[in-house]
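Q: Residue numbers (the working numbering), protein chains in the order written: chain U, 1 to 316; chain G, 317 to 647; chain C, 648 to 994.
Watch out, some of these pointers could steer you wrong.
Stated by the list, open to error - Going by beta-carbon spacing under 10 Å, a handful of chain G positions derived as facing chain C: (1) L500; (2) L530; (3) I558; (4) Q581.
As the list claims (entries may be wrong) - Pairwise CB distance ranges, derived in the manner of DEER restraints: (5) C:S690 with G:L433: 41 to 47 Å; (6) C:P770 with U:P31: 29 to 35 Å; (7) G:Q445 with U:L141: 54 to 60 Å; (8) C:R814 with G:A330: 24 to 30 Å; (9) G:Q517 with U:S16: 57 to 63 Å.
As the list claims (entries may be wrong) - Rough simulated footprint, nothing fancy, chain G against chain C, three-plus residues with beta-carbon under 8 Å: (10) 914-922; (11) 935-944.
Don't read these hints as lab results, they were simulated from the structure.
Beta carbons: idealized from backbone N, C-alpha and C, even for Gly.
Chain by chain, the residues run as shown.
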Amino acid sequence: MSTETLSPKSEPSRWSKAWNSNMGYSFRRNPVAVVSMIIFLLIAVAAFLAPVIAPYDPYDPAQMDIMNSEYPPVWVNGALPEFMLGTDDQGRDLWSTILYGTRLSLLIGICAVALQAFLGISIGLVAGYVGGRLDSLLMRLADIQLSFSTLMVAIIFLAVTQAMFGTDTFNRYAVVFLIAVIGVAEWPQYARTVRATVLAEKKKEYVDSARVLGFGPMRIMVRHILPNSLSPIFVISTVQVANAIISEASLSFLGLGMPPSQPSLGSLISSGFDYIFSGSWWITAIPGVVLVVLVLVINLLGDWMRDVLNPKLYKG
Amino acid sequence: MSLLSVRDLTVKFAMRDETVTALNGISFDLAKGERLGIVGESGAGKSITGFSLMNLLSRPGYIDNGQILFDGEDVVQMNDKRLRTLRGNRMAMIFQDPMVTLNPVLTIGQQMVETLLAHRKLSREEARQIAIVKLREVYIPSPEERLEQYPHELSGGMRQRIIIAIALLLDPQLIIADEPTTALDVTIQADIMELMLELCQSNQVGLILITHDLGVVSQMTERTLVMYAGRIIEAGRTREIINDPQHPYTQGLINALPQQTVPGQRLKQIPGNMPGLTSIPTGCAFNPRCKYATDLCRSRVPDIVQYGEVAVACHEVQRLNSDEDRQEARA
Amino acid sequence: MSDAKTDRPLLQIKNLEKRFDLDQGFLETLKFKQGKIVRESRSVHAVNNVSLDVGRGEALCVVGESGCGKSTVARLVAGLLTPTAGEIHYDGQRIDDLSRGAMQPLRKKIQMIFQNPYASLNPRMTIRQALEEPVRHHNPGASAAEVRDKVTEVMLSVGVDPSWAKRYPHEFSGGQRQRIAIARALTVDPEFIIADEPISALDVSIQAQVLNLMLEAKESRGLTYLFITHDLSVVEHFGTRVAVLYLGSVCEVADTATLFSNPKHPYTRALLSAVPQLKDDRPNHIRLKGEIPTPINLPQGCPFQSRCAFADARCKSEQPKAIHQPDGSLVACHAVEEDRLDAVAAG
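Isolated chain U, as found in the complex (with noise of 0.2 Å):
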């Protein structure tokens, strides 16, 4: 019995079991979800493998060419067959830039999210499971950050900061600054979401089970509450990767991002935007299409998994 546990035969029955499991059912059912989850999927792979792609390194002052600035894509009328999708202004083939671009619009919402999630996540389960003066305390912390609009919150901090460290110092950590003004300014997200969800999970029964047995407080969130509270913390993640994402490209569009040396979507879409009267309308447009694709698919799965996790509808 004991050698059969330990025997990697398991290993594939997990995936066939999470293949045929209700998700995995559901999401076969879902075109809407598979499809997003191809795009998703080869822009994700794309992004990551940008150095491999990539037939230029956008971020090698040696292979630029301001002589090569704003060549239109392939399709239209006097396009250089090298650049695919034409080049930006100081020359840089715009195809390489965007896949690093999304790389890193990819990198900060993940990264984001990932410490939105740590936060919150722990903030709404220590209130949730404690309650009483502690619980109310953090909630009316998250309240009163929740009454700052992000965007206004990250826009102060990185002004401050950039006019701190000048521009030079702030261009080399902006990817760190961007990650953490945007995980800090969202976690009332996580941790209201968590607490609700704690506060349900704790009257059950298997719950007092466990404190019968006399298992501490952090075993018991951990170990028992917090695996099952994962169905809204998986959905808001999506939604919240989606909305971070966003945040970066507006605040690289207002200049507070990423610096153009190193763009990101945002600051590729912004730099364009200074020429698309002047015809080069490339340089925002095709960037701008793979943001929106970007967002709306994660949005899509976001859905999808909603409907698949909404504890109404599952029966779990």
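Since chain U is already given, all that's left is putting chains G and C on it; use the hints.
A: For chains G and C alone, kept in the frame of chain U given last:
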């Protein structure tokens, strides 16, 4: 002619990968004003029977085959409009949980008057008067005041009385009660049972009582159907079934009750579990749990055969009757 | 009673009270009354002055209808709630005011089985994880093999095939889950088990299986039970003694046989007569007027007076004390004390 005549009713559920049979060839009759109990454990199909009778099954369940003749008309073939005139009007249903059945945002009066107006051409005032009369019939003190109250202001027993009053509002010919007293306390349950019995007898209303509680069936009904894994396995007069059960499952069910054993001794348990709908054993569905099972039981589904006072679906009834244990149990 | 120390009850509940505040927080307690703002907080009186003893090897059944406080008593004893007043002693040691750390050794001795087997097992843990966790927690030095042996032993003793250990709770039926829940409680080798309606969520044929299992465990492991239920037929079968609770107060405590053959408190009589009987179809139950009052702002006097046919002026003003009867039962009723009951019934 009987009020309700169910013939070969088969209900299926279209699941993800397969279609499962929840009810398999159910047939029974109910005379006008008769009280029938349907007994079984969870998963036996007793609640699905209740829902099917009103054609209330919702996806993924559907009636695959069979007739439900109510007053000579087939409920299965009725269109939605015809069904609406049937439900609540000539057939009413009482559910287990009084908290869920009443709409929490409407007063008792609003709910009763709406129900009446939906089916009858009445003025609001007339409808109100009828509601008051019905509340009085279920012994609700000061019914005029109750009409203005919301469900949450009333106790569980009071709510269940109001649900019975709503079921009786349109003078139905048949009430289907699905575990009507399970959510109530013993002392309240005794009151509600007495009330339902009295109302059914005085108004000549037919009653189908769906329950797992043999004691309730014994006190409330004239005839009983015992269900197991989607089939009727024993049917007959309630008294006969309780005092002299024929099917091994019915015997096991009655013998498993604590009052059938000397206190402190091991209860006579039925081994094993009720099979799930996807894994009903071949042959007699009860065979893996039955100590009398033979090869025949494992291969062929027994037909339901009249045997003395009751109809039983068991291959081994004859042998069973000569069994020593049973002789002893009967003594 | 106190002459022999070995004779003392395993569990002693002394004047236990529990109130749940309805108005939490300062602002909620402010009420507007007669033009003035008054500070007033309402509370639910779930358990009032309950005293019970459970002797070693006994199965004390606590019965009553919903809202009578029987589950609250169970949760107070299990340490899931802290009492508002009163004391709980286990084996001579006061346990209701212990810290979590000081409670640890007792956690091994006192275990609880819950009503709903669908909720009492963590749905994200396999059976093995659920059963190994308490063993590891209470025996930190145990080797993996020892833990596994213990789990296998317990699974076999409750009739669960150890090869199912890899599965999750949702793959089991209600009866099997309740067996697993019992197994989990038994992994720490407890001596006292609190069972809160352990069979009421199960089917009739499965109830018998679980009840048998609990009886077997009682004999083979020498367990003592505090068994909470509303089902009197189960009480008659399982309990050695019975305590009847009404509105948070004890009405009657007696040996099972005594209680069922000779119930004394008017409420106990009504309760016993209300149980649907199998064999005779003419129910002859004592009708109680009205319904259970809310446990907010309890009436003065006897909690049962509003529904009692024997209530008089004394019952309305003075709360009855539990008095020992000649046959050993304890009854809290003025009418029984004054011997009015049978006089009225006869006249």
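Q: If a hint holds in the structure, say so; if it does not, say that too.
A: Evaluated hints:
no.: 1; hint: L500; result: 9 Å, holds
no.: 2; hint: L530; result: 6 Å, holds
no.: 3; hint: I558; result: 6 Å, holds
no.: 4; hint: Q581; result: 8 Å, holds
no.: 5; hint: C:S690 with G:L433: 41 to 47 Å; result: 43 Å, holds
no.: 6; hint: C:P770 with U:P31: 29 to 35 Å; result: 30 Å, holds
no.: 7; hint: G:Q445 with U:L141: 54 to 60 Å; result: 58 Å, holds
no.: 8; hint: C:R814 with G:A330: 24 to 30 Å; result: 26 Å, holds
no.: 9; hint: G:Q517 with U:S16: 57 to 63 Å; result: 59 Å, holds
no.: 10; hint: 914-922; result: holds (count 5)
no.: 11; hint: 935-944; result: holds (count 3)
Hint check: no violations occur; every hint is consistent with the structure.
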